[in-house]
Amino acid sequence: MANPSNRPIGKSGWGRTLGAAAVSIVYFFPVLYIILTAFKTRQDALAWPVKFIFTPTLENFVSVFYRTTVEGGAAEATGFGLYFFNSMFIGGTSVLLALIIGTAAAYGFSRFPLRGNETYLFMILTTRMMPPIIAIIPIFVLFRIFGLSGTYVGIIALYTAFNLPFSIWMVKSFFDDLDRDIEDAARMDGSSEFRLFRKICLPQVYAGLAATFVFAVILTWNEFVFALLLTGTQTRTVPVQIVRTIGGAIGVDWGLLSALETLFIIPVVLVTFALQNQLLRGVTFGTIRR
Amino acid sequence: MQGLKLGIAAAAVTAGVLLGGAVTATPAQAKDIVINMAAPDWLPTRFMQEEFNRTYKAKSGNSVKLVIDFIPWPSFYQRVAASLSSGEKKYQMIVTDSQWMGDFVEGGHYLKLNKYIEADPELQATLADMHQVLKDTASSYPATSQNFYGFPQFPDNLVTFFRTDLFCNAGERAAFKAKFSKTLPCYYNEWEQVDWDTWGNIGEFFHRKKGEKLGAGTADDEFYGVAFQAGKGYDFSSMQINTLVWDYGGGIWDETKTAPAAGVVNSPIAVKAMEKYLDLLKWAPPVAKTGQMDIFVIQDLYMQGKVAAIVDWVGLAGPVVNPKVSKVSDVTAFAQSPGARKEDGSISRWANIGGQPFVLTTWNNDEVVHEALDVVKWWLSKPTQVNFAKAGGQSGMLSVINDPAYMTYAPWNRAFVDNYQWQKDVWHIPEFFPLLTQQQEQFDKAITGQITAKQALDAVAAYQDKTLKEAGRIK
Amino acid sequence: MTSPPSSQTAPASPPAAPPARSARGFFGWMLAPERRGPLLVAPAIATLVIVNLFPLMWSYGLSFFSYNAKYLKRPPSWVGLGNFIDLFSDVDVWERFQNTALIVIGSVFLQLIIGFLLALLFSTEFPLRRYLLMLVLAPMMLSLSAVGVFFKLFYEPTLGFIPRLVQEFTGEPFVILSTPTKATIAIVCADAWMWSPFVMLLVLAGLVSVPKYLYEAAEIDRAGAWRRFRTITFPYIKSLLLLALLFRTIETFKIFDVVYVLTEGGPGSSTETISVYLFRVAFNYFQTGRASALGYITLFAVIVLTSLYLYAINTRRAEPG
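Protein chains in written order, with the working numbering: chain A, 1 to 290; chain B, 291 to 765; chain C, 766 to 1086.
Chain A extracted, bound-state conformation (with noise of 0.2 Å):
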């Protein structure tokens, strides 16, 4: 796991810094004028020029949560801690399922090679490929069919089928990277197979597995077609209500829009901070690794 994609090759000093600050700064700007907005006032938040120093509010936040709607009505529950629920639960379970089938499935591609193991994997990774917009002409009909609209069970099964591809083509890099040496040394001493996967292979890659599952979380996190078409009142995920909000019934609120989004998007940025070395691996889905 180590061989990060993005070690430097020479050293530089503070110059470079100072070069790399402005333009990250720059870069960043989008992202951070949105967070600068969730903590303004309705009126500061528009305000021109863009005010950066102001007096930060929570009041985004708290109607992230709750919200008066009728002048003089007590403030309800939006239902968003019910969404953001969703996208955890429903994100988190989908993934795990995949990454237990994906293991096995790329356990197996990278060392029992099957007749045609070259247009498997590339089959597999079409499904990932394809705009997902394709299936789910038939998926919506299957759903309709077999009742799933609107039930966890469908959006996980979903999800599950969606991050399969992605699992096995990122678990597979990770043991394709393995020494073969240890696994050949060990089967010379007797190791049963399992014993070879469970107590040698499996652990070197425990960190991948890592990085794979929180891959496949935001990977899951910021879906929106699916999600939009398939998801009922219960089920609902952020990324739908975000864009539902838009048109909400006093304008487009864009203070509590931020917050929205700003509750959204911290903990992607936080976790890509944690990722930086499996990055290049996760958004090329494993093909690429160095």
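These are computed hints drawn from the structure, not numbers from a lab. Computed from a predicted structure; not experimentally measured. Since no wrong hints were added, every one of them can be taken at face value.
Taking CB as the label site, the calculated pair distances span:
no. : chain 1 : residue 1 : chain 2 : residue 2 : range
1   : B       : TYR478    : A       : THR55     : 39 to 47 Å
2   : A       : GLY15     : C       : PRO803    : 53 to 61 Å
3   : B       : ASP511    : C       : ALA988    : 56 to 64 Å
4   : C       : ALA988    : A       : ALA47     : 49 to 57 Å
Quick list of in silico lysine-lysine cross-link-like pairs, DSS-like style, CA-CA up to 27 Å:
no. : chain 1 : residue 1 : chain 2 : residue 2
5   : A       : LYS51     : B       : LYS500
6   : A       : LYS11     : C       : LYS977
7   : B       : LYS632    : B       : LYS566
8   : B       : LYS503    : B       : LYS617
9   : B       : LYS744    : C       : LYS947
10  : A       : LYS11     : C       : LYS1003
11  : B       : LYS347    : B       : LYS667
12  : B       : LYS614    : A       : LYS51
13  : B       : LYS402    : B       : LYS347
14  : A       : LYS51     : B       : LYS617
15  : B       : LYS672    : B       : LYS714
16  : C       : LYS947    : B       : LYS500
17  : B       : LYS425    : B       : LYS402
18  : A       : LYS51     : B       : LYS499
19  : B       : LYS321    : B       : LYS405
20  : B       : LYS572    : B       : LYS562
21  : B       : LYS503    : A       : LYS51
22  : C       : LYS947    : B       : LYS499
23  : B       : LYS680    : B       : LYS355
24  : B       : LYS425    : B       : LYS680
25  : B       : LYS714    : B       : LYS744
26  : B       : LYS355    : B       : LYS379
27  : C       : LYS947    : B       : LYS572
28  : B       : LYS503    : B       : LYS469
29  : B       : LYS379    : B       : LYS402
Here a beta-carbon is modelled for each residue, glycine too, at the ideal position from N, C-alpha and C.
Here the structure of chain A is known, so what remains is to put chains B and C in place on it, guided by the hints.
Just chains B and C now, kept in the frame of chain A:
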């Protein structure tokens, strides 16, 4: 470790099954009835939920719960269409745009209510009290027939929102008079004389650069005269363009006849009306040029104090007078929306009706149907409707709107009631969404200056004839 | 989890052991070495067949029918190749492919340039590098629909900061999404902002793989910076640039969320990409059969691009270094 992982996964799946099951469950016990209703997320439906929770007691003695699924506007149709065609049978009631009626009646999703109405004198009384326009546009399918499917959850129409600090400013009024030899409308009766030409004058007049004088002060930013809907999404330009076409004496395809659309949709009058609409857009804020100036954008621009007057749905007026979200809450008044001046000098003020009926779905047992109809009666009863109107809602019940007190409930009620006599509606046929989508795209091309009004309407007429012929609605 | 616990204590079978009917019966037979591969991949293949392949075959079937998924009781009617013929002769469809192509070309080109420059900037070690890198890499990990929403606000002509900034200099309102060209550029910018870090990562990987001794040798030769780049660095990153190009082409070809949120395909239909159009045909026009046919055409394009991509991957692996 592995066993544990599997265990967790299995538990998660089981939990999913249980939760999923609970969601789709229909009320099993006679005493507990849950009515799930799909509705757009805005004040009229939010109020309904609050009022229901506060006051509703089922006459049957059952414990009835109304659970509204608040769906924000932009994805409302797609979400309801997805739910209905996915067969999840999630909703017992649906707040529906009037255009959807044919689509979902033919799809087998909306329940025909005639037999229940015949058996229930109270419902007959409710129906009799409804404004005729709403019976025609919000209740029946085919439109104006005697097949009843819905009741108005919220009737809506287009009114003018304007800034009294500008329109009633003596200096501005004098300047306007000097420039156009017309009165700058300030009072309600002055607005009754505003036609689309004057609307254009207003747009030109109040377009100010940053730093120029505006009312009693100066414009702190670029300021615009008028705005009205011109957005690509959903029906966010058709509603306003239809309005002008009717005002000038044109028409859209008449679904009660089996005549083709060509010659009606793209008649010279319709083309002229649409050209007028496009011409007026030059006084609107620059977002008009993007084809994204929808009903929420103009509301927001108005509340941000960027524009002097807008034409928008009454349903979006509430926030405009709320000081917490609106910078112009204390200087806003309402009037009828402009019209076209006829040869005799009177003004034709036809407009596309808005608002939503609510309907029952076809998969409920009799008990649920009766409880749902009781909810309908409760909602349309005078006390509920009066409370609703006081909270900023509108009513379609004659006994409520004809009561002089109604005018005092909200500043826009006079314009709203006066508009009733001027309402028409778009097609209700099942093909409405393809028709609307194609029309919105053509209108958007015209709004963004890629094609002319004539080209847009020709394309719309051709597509409509093709679609209507394929559907067997014209010969 | 595909082996029963008993196999843990079972004596090891040497890799070349005869599969035969050992004393362990059915499990023994199933766990024989030559069946290990199939057994391990079976659950994955089964899942994919049920949830992906089966719906795809179904949609393949539907593409020969005229069908509206909204009407439960109306059966599909056979139209043969009608949907395909219709699609290929429809100027609207060609326009959507053209829109998609313009966005793909513009965006991928911009991503390659910005990504490359960013990679050069971050190619050496300097203080705080890891933290600054986080800022640059973040956009790539955001949700596509969230990015669409961001840029919708940034581009709003009266309230967004980009038009207002421009207006400060020109004095004229700056309306970004008003013409087909400008709207396309706006989408390209949003997409390129999001995905340039991806190209950066790949190029960085390429820069890392250049052996140090080559640079040392070049220093002795006193080779100029440009020559050093052309003869030493570039050969090591060119295969990765090609991969970036292909990968981003496939992904951008699918662009949906950003367009759907930002322009809804407008003005008119000038930024409606093939994915957005497909969505409209399927869920606005509810022409399920036609949408399936269009889906298949799109799938074919993706399969071709994916093969090219894997071919490039394998070529790169075969190369030394």
